[in-house]
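Those protein sequences? They're chains A and B, same order as listed. Mapped onto our numbering, the consecutive letters of the first sequence carry residue numbers 1 to 188. Mapped onto our numbering, the consecutive letters of the second sequence carry residue numbers 1 to 394.
Calculated from the structure, these hints are not laboratory results. Since no wrong hints were added, every one of them can be taken at face value.
Residues on chain A that point at chain B, a partial pick, calculated with CB under 10 Å:
| hint | residue |
| --- | --- |
| 1 | Q37 |
| 2 | F39 |
| 3 | P40 |
| 4 | N63 |
| 5 | I64 |
| 6 | R65 |
| 7 | R163 |
Just the calculated beta-carbon pair ranges, DEER-fashion:
| hint | chain 1 | residue 1 | chain 2 | residue 2 | range |
| --- | --- | --- | --- | --- | --- |
| 8 | A | G15 | B | K37 | 17 to 27 Å |
| 9 | B | W380 | A | G149 | 38 to 48 Å |
| 10 | A | E169 | B | R244 | 30 to 40 Å |
| 11 | B | S365 | A | S102 | 42 to 52 Å |
| 12 | A | K103 | B | D175 | 43 to 53 Å |
| 13 | B | E299 | A | G149 | 48 to 58 Å |
| 14 | A | V85 | B | E374 | 39 to 49 Å |
| 15 | B | V176 | A | G33 | 17 to 27 Å |
| 16 | A | S102 | B | D256 | 51 to 61 Å |
| 17 | A | E187 | B | D175 | 33 to 43 Å |
| 18 | A | E107 | B | N358 | 33 to 43 Å |
| 19 | B | I366 | A | Y67 | 16 to 26 Å |
All C-beta atoms in this analysis are idealised placements derived from N, C-alpha and C, irrespective of residue type, glycine included.
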Amino acid sequence: MRDIMYEVRFHGRGGQGAVTAANILAVAAFREGNYSQSFPFFGVERRGAPVRAFTRIDEKPINIRMYVYNPDAVVVLDPSLLDVVNVTEGLKEDGIIIINTSKKPDEFDFDYRIATVDATAIALSHRLGSSAAPIVNTSILGAYSKAVGNVSIDSVKQAIMERAPAKKEENAAAAFEAYEKTVLGWEK
Amino acid sequence: MLRGNESVAYAFKLARIDVFPMFPITPSTLVPERISKFIADGELDAEFIPLESEHSAISAAIGASLKGARVGTATASQGLALMHEILFIASGMRLPIVMGIGNRALSAPINIWCDHQDTMAERDAGWLQFYAESNQEGLDLILMAFKISEDKRVLLPSMVGLDAFVLTHTMEPVDVPEQEEIDEFIGKKKPEYLTLDANNPATFGAFGSPSHYMEFKYAQYLAMKNASVVIDEVFSEFTSKFGRKYSKINEEMMDDADIVFITLGSCTGTAREFIKMKRKEGKKIGLLKITVFRPFPKEEIRKALKGKKVVAVIDRNISFGFGGAVYGEVAAAMNGMDESPKIVDFIVGLGGRDITFNTFEEVLSIAEKAMNEEVDEINWIDVDKEAVEKEEII
Numbered sequence: 001m002r003d004i005m006y007e008v009r010f011h012g013r014g015g016q017g018a019v020t021a022a023n024i025l026a027v028a029a030f031r032e033g034n035y036s037q038s039f040p041f042f043g044v045e046r047r048g049a050p051v052r053a054f055t056r057i058d059e060k061p062i063n064i065r066m067y068v069y070n071p072d073a074v075v076v077l078d079p080s081l082l083d084v085v086n087v088t089e090g091l092k093e094d095g096i097i098i099i100n101t102s103k104k105p106d107e108f109d110f111d112y113r114i115a116t117v118d119a120t121a122i123a124l125s126h127r128l129g130s131s132a133a134p135i136v137n138t139s140i141l142g143a144y145s146k147a148v149g150n151v152s153i154d155s156v157k158q159a160i161m162e163r164a165p166a167k168k169e170e171n172a173a174a175a176f177e178a179y180e181k182t183v184l185g186w187e188k
Numbered sequence: 001m002l003r004g005n006e007s008v009a010y011a012f013k014l015a016r017i018d019v020f021p022m023f024p025i026t027p028s029t030l031v032p033e034r035i036s037k038f039i040a041d042g043e044l045d046a047e048f049i050p051l052e053s054e055h056s057a058i059s060a061a062i063g064a065s066l067k068g069a070r071v072g073t074a075t076a077s078q079g080l081a082l083m084h085e086i087l088f089i090a091s092g093m094r095l096p097i098v099m100g101i102g103n104r105a106l107s108a109p110i111n112i113w114c115d116h117q118d119t120m121a122e123r124d125a126g127w128l129q130f131y132a133e134s135n136q137e138g139l140d141l142i143l144m145a146f147k148i149s150e151d152k153r154v155l156l157p158s159m160v161g162l163d164a165f166v167l168t169h170t171m172e173p174v175d176v177p178e179q180e181e182i183d184e185f186i187g188k189k190k191p192e193y194l195t196l197d198a199n200n201p202a203t204f205g206a207f208g209s210p211s212h213y214m215e216f217k218y219a220q221y222l223a224m225k226n227a228s229v230v231i232d233e234v235f236s237e238f239t240s241k242f243g244r245k246y247s248k249i250n251e252e253m254m255d256d257a258d259i260v261f262i263t264l265g266s267c268t269g270t271a272r273e274f275i276k277m278k279r280k281e282g283k284k285i286g287l288l289k290i291t292v293f294r295p296f297p298k299e300e301i302r303k304a305l306k307g308k309k310v311v312a313v314i315d316r317n318i319s320f321g322f323g324g325a326v327y328g329e330v331a332a333a334m335n336g337m338d339e340s341p342k343i344v345d346f347i348v349g350l351g352g353r354d355i356t357f358n359t360f361e362e363v364l365s366i367a368e369k370a371m372n373e374e375v376d377e378i379n380w381i382d383v384d385k386e387a388v389e390k391e392e393i394i
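The shape of chain A in the complex, shown without the other chains (with noise of 0.2 Å):
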């Protein structure tokens, strides 16, 4: 809970499950007794191509409904989008940005603070979608809670319980690894 909206951006690629963890986001707060929104970038979906995604969180209802053009935080699902995609447009001076990579917060060069975590290795190990098309969204998720803090790795399970689509305990496990793997990049 806090006293102003908090607003987060996820960036994947058509597939990997943004638009869901953007709803599994979004359910796990208001589990918590928060109002949230979530909503996909409006497109045509197309398998591999730059998707985003949005969540809104806030103990207030929300009332607005544009794009989330300032985020708080940003979620990379796949590190190759860095090239293509400048994923920190907009984001608040003291936002967070969460990427999804086997390198650690230290070998990137953006003036925010970085948490990253390898989803992919996790997913992988969890049987999540396959080497080509890993499913991350869920591990991503569980590096959210511990770098953002302002849902618990409990909702964030319990979420995944209720909305995966698939392979819900597997899903919930890969979140709880991910919490535990997270590499936090301000904090030495």
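Got chain A sorted already, so can you dock chain B onto it with the hints?
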């Protein structure tokens, strides 16, 4: 937590529809998906009829409704346009079908995103029209639409618009009433009209020669007038049962307002937050949301706008050669009124262009200018006019 399309599907389930004829179209496809799942899971006892076009879907809806069934369906944009000729038959035959619309732009160019052109183009089809601001309103309005449409003083079909993507694909908290509460509120359908019944043969869809046609149309005209009364009754019953307030127009921050924004649908919330911000700067702006567009709430709007200085109509549609459809209706409603406010039209958000605080900043600056001087009657906002004018102008 439901997406707008799921709100519509849950409302149909709670209303215990008997028949759901359908043809899928973006952005409302999730409605038939959910309905088919409800039926497959044994949660809804209804006939799901997939057809080869929207024209056939609405035709099947008419057949089922004539048999006395409670019928729901969903469509959008080109799908609604393909239904066009049949919409008049549904209303002319006085069948209380309820349809959910994912309000979407019309081609060309091809566009799947939000505006109100599809339903505004069916304004004169004889259907009641409701516009939802949120997924909660989408669910509630579908439920109320059945009760209103099936009232024997009305017997007209209803369409409930939810903005494409902005509502249909957005997930947010929705309070879903208990089945028993809705059973008590709407009740089982008892068709208050002649139905297809071999034991009581009757002719339907008969010829209406010049000697009779106008009387049928006058009856529809009166039914729409009745609908205005029935809507008030049903809205107030709903409010007392479920606690959520509905009225044909919703007035906020109006008492001391000089400038009034008129909105329909999902941009209302963004407008509300914008106005609250501006009020902190001392600007006297009010908000008037139109929930019921047919029958058009003329009297309510006249009363609400009396004494206001400038009215900014936010139109998410365009009637070429005139201006926005809502603007035309509001201006007509003010006909003959002493000291009518200055009414200014704003064309915004066509084909899914995002309606933001910047949009409303521009609206406000023109509305403020209109307090003291002449401004354009029709104002296109967030448009690269120069790029077009370079190519298009004489």
